[in-house]
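10 protein chains.
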Amino acid sequence: MMFLVRMDVRIPHDLPATDVDAIKLREKNYSQDLQRSGKWQAIYRVVGEYANYSLFDVESNDELHTLLSGLPLFPYMEIHVTPLAQHPSSIR
Amino acid sequence: MMFLVRMDVRIPHDLPATDVDAIKLREKNYSQDLQRSGKWQAIYRVVGEYANYSLFDVESNDELHTLLSGLPLFPYMEIHVTPLAQHPSSIR
Amino acid sequence: MMFLVRMDVRIPHDLPATDVDAIKLREKNYSQDLQRSGKWQAIYRVVGEYANYSLFDVESNDELHTLLSGLPLFPYMEIHVTPLAQHPSSIR
Amino acid sequence: MMFLVRMDVRIPHDLPATDVDAIKLREKNYSQDLQRSGKWQAIYRVVGEYANYSLFDVESNDELHTLLSGLPLFPYMEIHVTPLAQHPSSIR
Amino acid sequence: MMFLVRMDVRIPHDLPATDVDAIKLREKNYSQDLQRSGKWQAIYRVVGEYANYSLFDVESNDELHTLLSGLPLFPYMEIHVTPLAQHPSSIR
Amino acid sequence: MMFLVRMDVRIPHDLPATDVDAIKLREKNYSQDLQRSGKWQAIYRVVGEYANYSLFDVESNDELHTLLSGLPLFPYMEIHVTPLAQHPSSIR
Amino acid sequence: MMFLVRMDVRIPHDLPATDVDAIKLREKNYSQDLQRSGKWQAIYRVVGEYANYSLFDVESNDELHTLLSGLPLFPYMEIHVTPLAQHPSSIR
Amino acid sequence: MMFLVRMDVRIPHDLPATDVDAIKLREKNYSQDLQRSGKWQAIYRVVGEYANYSLFDVESNDELHTLLSGLPLFPYMEIHVTPLAQHPSSIR
Amino acid sequence: MMFLVRMDVRIPHDLPATDVDAIKLREKNYSQDLQRSGKWQAIYRVVGEYANYSLFDVESNDELHTLLSGLPLFPYMEIHVTPLAQHPSSIR
Amino acid sequence: MMFLVRMDVRIPHDLPATDVDAIKLREKNYSQDLQRSGKWQAIYRVVGEYANYSLFDVESNDELHTLLSGLPLFPYMEIHVTPLAQHPSSIR
Chain A
1 MMFLVRMDVR IPHDLPATDV DAIKLREKNY SQDLQRSGKW QAIYRVVGEY ANYSLFDVES
61 NDELHTLLSG LPLFPYMEIH VTPLAQHPSS IR
Chain B
1 MMFLVRMDVR IPHDLPATDV DAIKLREKNY SQDLQRSGKW QAIYRVVGEY ANYSLFDVES
61 NDELHTLLSG LPLFPYMEIH VTPLAQHPSS IR
Chain C
1 MMFLVRMDVR IPHDLPATDV DAIKLREKNY SQDLQRSGKW QAIYRVVGEY ANYSLFDVES
61 NDELHTLLSG LPLFPYMEIH VTPLAQHPSS IR
Chain D
1 MMFLVRMDVR IPHDLPATDV DAIKLREKNY SQDLQRSGKW QAIYRVVGEY ANYSLFDVES
61 NDELHTLLSG LPLFPYMEIH VTPLAQHPSS IR
Chain E
1 MMFLVRMDVR IPHDLPATDV DAIKLREKNY SQDLQRSGKW QAIYRVVGEY ANYSLFDVES
61 NDELHTLLSG LPLFPYMEIH VTPLAQHPSS IR
Chain F
1 MMFLVRMDVR IPHDLPATDV DAIKLREKNY SQDLQRSGKW QAIYRVVGEY ANYSLFDVES
61 NDELHTLLSG LPLFPYMEIH VTPLAQHPSS IR
Chain G
1 MMFLVRMDVR IPHDLPATDV DAIKLREKNY SQDLQRSGKW QAIYRVVGEY ANYSLFDVES
61 NDELHTLLSG LPLFPYMEIH VTPLAQHPSS IR
Chain H
1 MMFLVRMDVR IPHDLPATDV DAIKLREKNY SQDLQRSGKW QAIYRVVGEY ANYSLFDVES
61 NDELHTLLSG LPLFPYMEIH VTPLAQHPSS IR
Chain I
1 MMFLVRMDVR IPHDLPATDV DAIKLREKNY SQDLQRSGKW QAIYRVVGEY ANYSLFDVES
61 NDELHTLLSG LPLFPYMEIH VTPLAQHPSS IR
Chain J
1 MMFLVRMDVR IPHDLPATDV DAIKLREKNY SQDLQRSGKW QAIYRVVGEY ANYSLFDVES
61 NDELHTLLSG LPLFPYMEIH VTPLAQHPSS IR
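Which chain is which? The protein sequence lines are A, B, C, D, E, F, G, H, I and J, in order. Reminder that position 17 of the first sequence reads as 17 in UniProt numbering, one-by-one numbering, no gaps. Reminder that position 59 of the second sequence reads as 59 in UniProt numbering, one-by-one numbering, no gaps. Reminder that position 16 of the third sequence reads as 16 in UniProt numbering, one-by-one numbering, no gaps. Reminder that position 85 of the fourth sequence reads as 85 in UniProt numbering, one-by-one numbering, no gaps. Reminder that position 62 of the fifth sequence reads as 62 in UniProt numbering, one-by-one numbering, no gaps. Reminder that position 18 of the sixth sequence reads as 18 in UniProt numbering, one-by-one numbering, no gaps. Reminder that position 3 of the seventh sequence reads as 3 in UniProt numbering, one-by-one numbering, no gaps. Reminder that position 71 of the eighth sequence reads as 71 in UniProt numbering, one-by-one numbering, no gaps. Reminder that position 53 of the ninth sequence reads as 53 in UniProt numbering, one-by-one numbering, no gaps. Reminder that position 80 of the tenth sequence reads as 80 in UniProt numbering, one-by-one numbering, no gaps.
Looking at chain A on its own, in the form it has when it is part of the complex (with noise of 0.2 angstroms):
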C-alpha cells in the first residue's frame, strides 16, 4: 500500500552541532535500513530545500505511523502524509 509522505525539516538553530550531528547519522542509518527492506521506496530531495519527498509501500496505517514516528529527526520534522491507491492509466 504506497504512500507519498513529505518531511520537512526544521531543526532548532540552538541545538549543539555535535547532538545535531549524531541524529543526522541515525537518521541515515535508521532511512537506508528501511529502504533496503523494501519499506521505504525511493527518497528525493525537494532542491533548494532541506526537505524530501518519499514513497513508502507498508501493510497498514499503524505500520507507516511507527516507521515515522521511529525516525530520529521525528521531533525535528513537520511531516504531511498522502495516501495512494492504483491509478487506472498505470501500466504497473
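All clues stand as given, with none of them false.
Straight-line C-alpha distance at most 30 angstroms; calculated DSS-like pairs for lysine-lysine:
# : chain 1 : residue 1 : chain 2 : residue 2
1 : A       : Lys24     : J       : Lys24
2 : C       : Lys24     : E       : Lys24
3 : F       : Lys28     : I       : Lys24
4 : C       : Lys39     : D       : Lys39
5 : B       : Lys24     : H       : Lys24
6 : E       : Lys39     : D       : Lys39
7 : A       : Lys28     : A       : Lys39
8 : B       : Lys28     : A       : Lys39
Over 12 angstroms on every C-beta distance to chain E, these chain D residues come out as not near it, computed from the model:
#  : residue
9  : Asp8
10 : Arg10
11 : His13
12 : Thr18
13 : Ile23
14 : Arg26
15 : Glu27
16 : Asn29
17 : Tyr30
18 : Asp33
19 : Gly38
20 : Ala51
21 : Leu71
22 : Tyr76
23 : Ser89
Just so you have them, the derived chain B footprint on chain J, three or more residues with Cβ under 8 angstroms:
#  : stretch
24 : 1 to 13
25 : 48 to 62
26 : 74 to 85
Hints listed in this document are in silico derivations from the structure and should not be mistaken for laboratory results. If you're wondering where the values come from, they're calculated on a predicted model, not measured in any experiment. Cβ coordinates follow ideal geometry from the N, Cα and C atoms, glycine included.
Once you have looked at the hints, place chains B, C, D, E, F, G, H, I and J on chain A.
Chains B, C, D, E, F, G, H, I and J alone, transformed into the frame defined by chain A:
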C-alpha cells in the same frame, strides 16, 4: 532528472459526456505511451480525489513542459511541479 | 484501517432539480449500504455546511478510493482523506 | 452532542525532558478517564504527525471547553473544534 | 449555548432577478422570526461585504444545523460556525 | 458603532509564571471595567482555544485602538478587527 | 474616521458589453461625486490588477457600508475593509 | 526599474475557439513588440502551467500598469506584480 | 510614484526594554523626517494591531527599498509593498 | 536550464553580530563567484523585504540543489524554486 508532478482534474460539468470520454481515452493512451518510454516513471491516484501524483524522469524543464502541455486533459487540469534532486540518504 | 474523510458537496446550481434529487437518493442508499457493511463506520453533518466528516474502516487505500469514487455525488464533491492510526492513549 | 476535535502538539524543545514525561503521563490518564466516562468517544493518531483527531460527546459547548482546557498538554497544543450534527443518511 | 456564525452570500449572477427577490424576502422573514424567538440573538452586516456575523443561542448542534440549513439563501451561502463558551472575564 | 474583535493569546512559555499571573489579573480587571462601561459589550471564549470573540461598541476607530492597545495582554495577542454595520434584517 | 478599502472587480465574462459599459460609467460618476465630497479621499489602481486601494473618511461604519454597497459594481466586486486609527508617529 | 510579474491565464472554456486563437495571436505580437523595445526584458513559461514569469524594465508604476492592462489576454489573466531593487551582491 | 506599504512589527519579547525604547524613538524620528520631506505621505495604525499602512511617494523602487531597509525597526518587521498607479476615476 | 528562485532570509536575532557579518560576507563572495560563472544569472532585492528573486541557469536539478544548499546563509533561509521553460512568445 526527476520531478514530482501533482495533477488535479477539473472538467466543467457542462462539457458533453461523449467529448469527455474521448478526451479521457486519448489521455490514457498518451500517458501509457510515456510510461512505456520511461519518461513517466510512475502515476498514483490520490485517494478520494480526481487527482494524481506522478514521477517524471526527463532531460530538461523544456521537455517536461512539452510532455505536460501535450496532455489531452491539460486545459482542464491544475498542475504543480516540484523539482527533485538526489537525496544523500538514498541507496539508489 | 481507519480513515477520516471530509466531503464538501458543491452541486452546480444549473443542474436540473430532478437529476439532483435522483443522485441524492442513490447517494443515500449507497451510503447506508456501506454503513451496514461496517466499512463506513460513521457519518456526521458539519453544522451549517453542506459537508460531512466520516470514518471509514477498510482493508487498503485502494478499497477506500473505490468506495469514494463510486459515490453518486463524487463528481460534485471535494474530498479530503486523512489516514489514522492507533493512538497510544486510546482505550479501544 | 458530537464534536470533532483536532489537536496538534507543539512542545518547546527546551522544556526539560522529565517535565515533558510527567505532563504526558498526566495527559494519558486524563484522556483515558474521559474515554471511560464516554465523553471522549474516540481518539486517533494522525499518521506521521504529533496530532490526533478525537470525537467528543458532551452536553454543551461549555462542558467541551472545560474538558479541553483541562488537558495537561493544553498550553502546548493548537486545537480546532468542529461542531457536528446528525447526518440524514446516518443509520445510527 | 452560543455560536458565532459567519454567512457569505454568493448568488449566481444568472439567477432571475424575480427569483432572487422572492428568496431574499423569505430570508428576511425567516431571520426575523428566529430573532423574535431569541434563537438568533444578533445579526450584523460585515462592512463592505455581502456577508453577516450572527450570534445564535440554541439547545444543541442539531438545532443550529436545522435552523441554518432551513435558510432560504442556504444553497447560495458559505457558512462557518464557531462554538462559543462562557469567558471567565465576562460579567454576564 | 459595532466591531467584532477576535483575540488569540500567545504567551511565551519562558515568561515567569508570577508575571503571567499578574498580567492576567490586570487583564481581567481591565476587561470587566470596560464591560461595565458598555464599551465592551460581550466576550466569548472560542471553544478549545486560548482565544475570544468580543463585541465592542465605540465612538470611533481611534477609541477602539486605544482600548485594545491598552490591554495588559496586548503584547502577547494576535488581534483581528472586523467593522460591523446595521443589518437590514435585524429587528434591533 | 479613516478606512482602507481594497476592491477587486470580477465581472462575469458573459455579461453583455453594453451593460458592462453602462455600469462602469455609473461607477465612475458615483466615485467622483464621493471624491468631490471628501468622503472618498483617494483611489489608486493596483498595478497589473483590475483592483483598487481606496481611502475613505466617514462618520461611521454604517455610512461606509452604505457608500460601498451603493457602488454600481458592488455585485461584481470582492471588497475588504481595514479600519485605521491615528498613528503616534504621524505628523498630521 | 525592474518588476517581476507572474501571469496566470484562465480562459473560460465556453469562449469560441476562433476568438481565443485571435486573442492569442494579438497577445504574441503585443508581447514581442514590447520585448523588442526592451520594456519586457524576459518571459519564461512556468513548467506545467498556463502561466509565465516575466521581467519588466519600465520608467514608472503607471507605465507598467498601462503595458499590462493593454495585454489582449488581460481580461482572462490573474496578474501579480513584485517591485524589485538593486541587490547589494549583484555584479551587474 | 505611489506605493502602499504594510508593516507588521514583531519585536522578540526577550529584547531588553531599554533597547526597544531606543529603537522606537529612532524609528519615530526617522519616520517624521521622511514625512516632512513628502516621501512618506501618510501613516495609519491598523486598529488593534502593532502594524501600519503607509503611502510612499518616491522616484524609484530602489529609493523605496533604501528608505524601508533604513528603518530602525526593519530587522523586526514584516513588510509588504504594493505598487500603485493612477486610477482612471481619480479626480486628482 | 532556467529556474526562478525566491530566497527569504530569517536570521535568528540572538545569533552573535560578528557571526552574522562573517556569514554575510561569505554569502556575498559565494554569490558573486556564481554570478561570474554564469550559473547565477541575476539577483534582485524584493522591495521592502530581506529577500531576493534570482534566476539560475544550470545543467540539472542536482546542480541547482548543490549550489543552493552550499549558500552560507542556507540554514537561515526559506527557499522556493520554480522550474522555467522556453516561452513560445519569447524572442530570445
